[in-house]
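**Student:** If you want the building blocks of each chain, they are given just below.
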Amino acid sequence: MLSLIGIAVVVLGFMARLNPLLVVTAAALVTGLAGGMGPVEVVATFGKAFQENRYVSVVWVVLPVIGLLEGAGLQERAKTLIGAVRAATTGRLLLLYLVLRQITAALGLTSLGGHAQMVRPLIAPMAEAAAETHHGPLPEAVRQTVRAHAAAADNIGLFFGEDIFIAIASILLIKGFLAQNGILVEPLQLSVWAIPTAICALLIHGAQMVLLDRHLARMIAGGTR
Amino acid sequence: MIGLGVLYVIAGVFFVVIAVLSARDETNPMRWKNTTFWGLFAVSFLFGSYLPDVVNGLVVIAMVLTAGIGGLGRGAPATSGPEERRASAARLGNKLFLPALAVPTTALLGTFLFKRPELAGVVDPKQATLVSLILGVFVALAIAMPMLGARPKVSMQEGRRLLDTVGWAAILPQMLAALGAVFAAAGVGTAIRKIASMWLPAGSQLAAVAAYTFGMALFTMIMGNAFAAFPVVTAGIGLPLIVQHFGGNPAIMGAVGMLSGFCGTLMTPMAANFNIVPAALLELSDRNGVIKAQVPTALLLLLANTVLMYVLVFRF
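In the order they appear, the protein sequences are chains A and B. With the first sequence counted from 1, adding 273 to any position gets you the numbering used here. With the second sequence counted from 1, adding 10 to any position gets you the numbering used here.
I should point out that these hints are in silico values taken from the structure, not numbers from a laboratory. Check each hint, because a few of them may be wrong.
The calculated label-pair distances, taken between Cβ atoms and stated as ranges, are [said to hold, decoys possible]:
1) A494/A / A217/B: 44 to 54 Å
2) T37/B / Q453/A: 50 to 60 Å
3) V465/A / K163/B: 47 to 57 Å
4) K204/B / L445/A: 19 to 29 Å
5) R365/A / V19/B: 42 to 52 Å
6) L108/B / L476/A: 27 to 37 Å
7) P410/A / G213/B: 57 to 67 Å
8) K105/B / A480/A: 35 to 45 Å
9) G103/B / A281/A: 50 to 60 Å
10) R101/B / I472/A: 38 to 48 Å
11) E93/B / V372/A: 32 to 42 Å
12) R491/A / P127/B: 52 to 62 Å
If you want the ones that stay clear, here's a sample from chain A, every Cβ over 10 Å from chain B, calculated [what the hints assert, rightly or not]:
13) L285
14) R359
15) H408
16) L411
17) R491
18) M492
19) A494
20) G495
Heads up, the beta-carbon is just placed ideally off N, CA and C, and yes, glycines get one too.
For reference, chain A alone in the conformation it holds in the complex:
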């Protein structure tokens, strides 16, 4: 039970808005010590785990391409393209992206998206441009809200689409866990039961996106008063 102190460290550290790197490291050291490891063993366990998870950070290699294209006006071009479509609003655009992200993820095409590759260079500037077409230059708070929603649409589309694909990690994890407990299920049985939630996610977040345009209009009207 003592090993749970680490979780308390994480929760309190994040709540106190301390630097997350310090919080996570402190939590790892405390957990290891409370779990009965020696100081050297704790550092070694953490170092080994960090080293084994390096694949998580390899994606940053994509930044030179994105930066280079940004410098050449990629975001401006994306904005021009969307600005020319009068029917495009932030809400409709993000709804469309949500649908596309969900469908492609359901087909296993999860790499067709992502925050560094898709949202920063294309989706966020397009969403901003759509708002600017209707409201003119955006106040900073509105701009930030639009960007946050661009990232949110990417996450929600991915999370509630990918489980419909039978070979995705989470489906295989569920199958493996149930098998360990003597229950055999086929991946297809699991992915079929991910469909009702996927539809709910589309309806719920889709409704939020329809309401987003009104919310942004209210934010802008409130700010100019």
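Given chain A, work out where chain B should sit, using these hints.
**Tutor:** Quick look at chain B alone, frame taken from chain A:
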């Protein structure tokens, strides 16, 4: 065979270049902290597989202390101004999308191609997606650099500009993955399982379902990902109550349970790569801005999952 080893060398070289460019950027008052941080990250990528575990641990701690106390600085790499960008966008038009879309397209095609038996042994099939993504970066650079007449150094400086906007948050997802491993080694999962089984709500089916879906979301928020929470909460509540006691369908329990966990992922800073990293990438002043945009959907969907499971799990 091309696998993680090759990718780590590429990433290592990338961070060496970032460290060197940071050191030479005199506009950044904290340039030596940036150089130390990215330099140590390069060491981890290039030599991490060969160093003793303790040394790897000390490298991480040195990185955390460098960035954690006082933060990192932000350089001012040479980049184009707004006027220049507008002119360039007008001149190049939609051609600009070509390299941008080359990255995901290559990632996609490569993932399929490298998994074919004819190509077995060329690329590690387990890493096909990641290898293809990095291959896509090189394809995109090969298209973009001649098109823009840019030298490699320009793209590295532009890359550093973006990396500096992300800052220390760039290693947070990897740190949290490492924390998860320490939690597992110290027996945190077993401890949580004991607690979960202590507040087993006996009696109503609805209470059991709600305890499971909300438990999945809560533990996902604490642990940062649904994969870590799933075995713990399912062994503690889902299997013994919903399946064994009330005879529910295990496939429905598992599928909807995992998706309830994903609702938790949308609401926690612990899921750094989905919530904190994009906030940094999009230069939001509020670190939790993305989470705030997601909370209404996450809560409603968690409720929907609870209803769905209650309606479906005992019927099929």
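**Student:** Enumerate the violated hints, using their earlier numbering and listing them in ascending order.
**Tutor:** Of the numbered hints, all hold.
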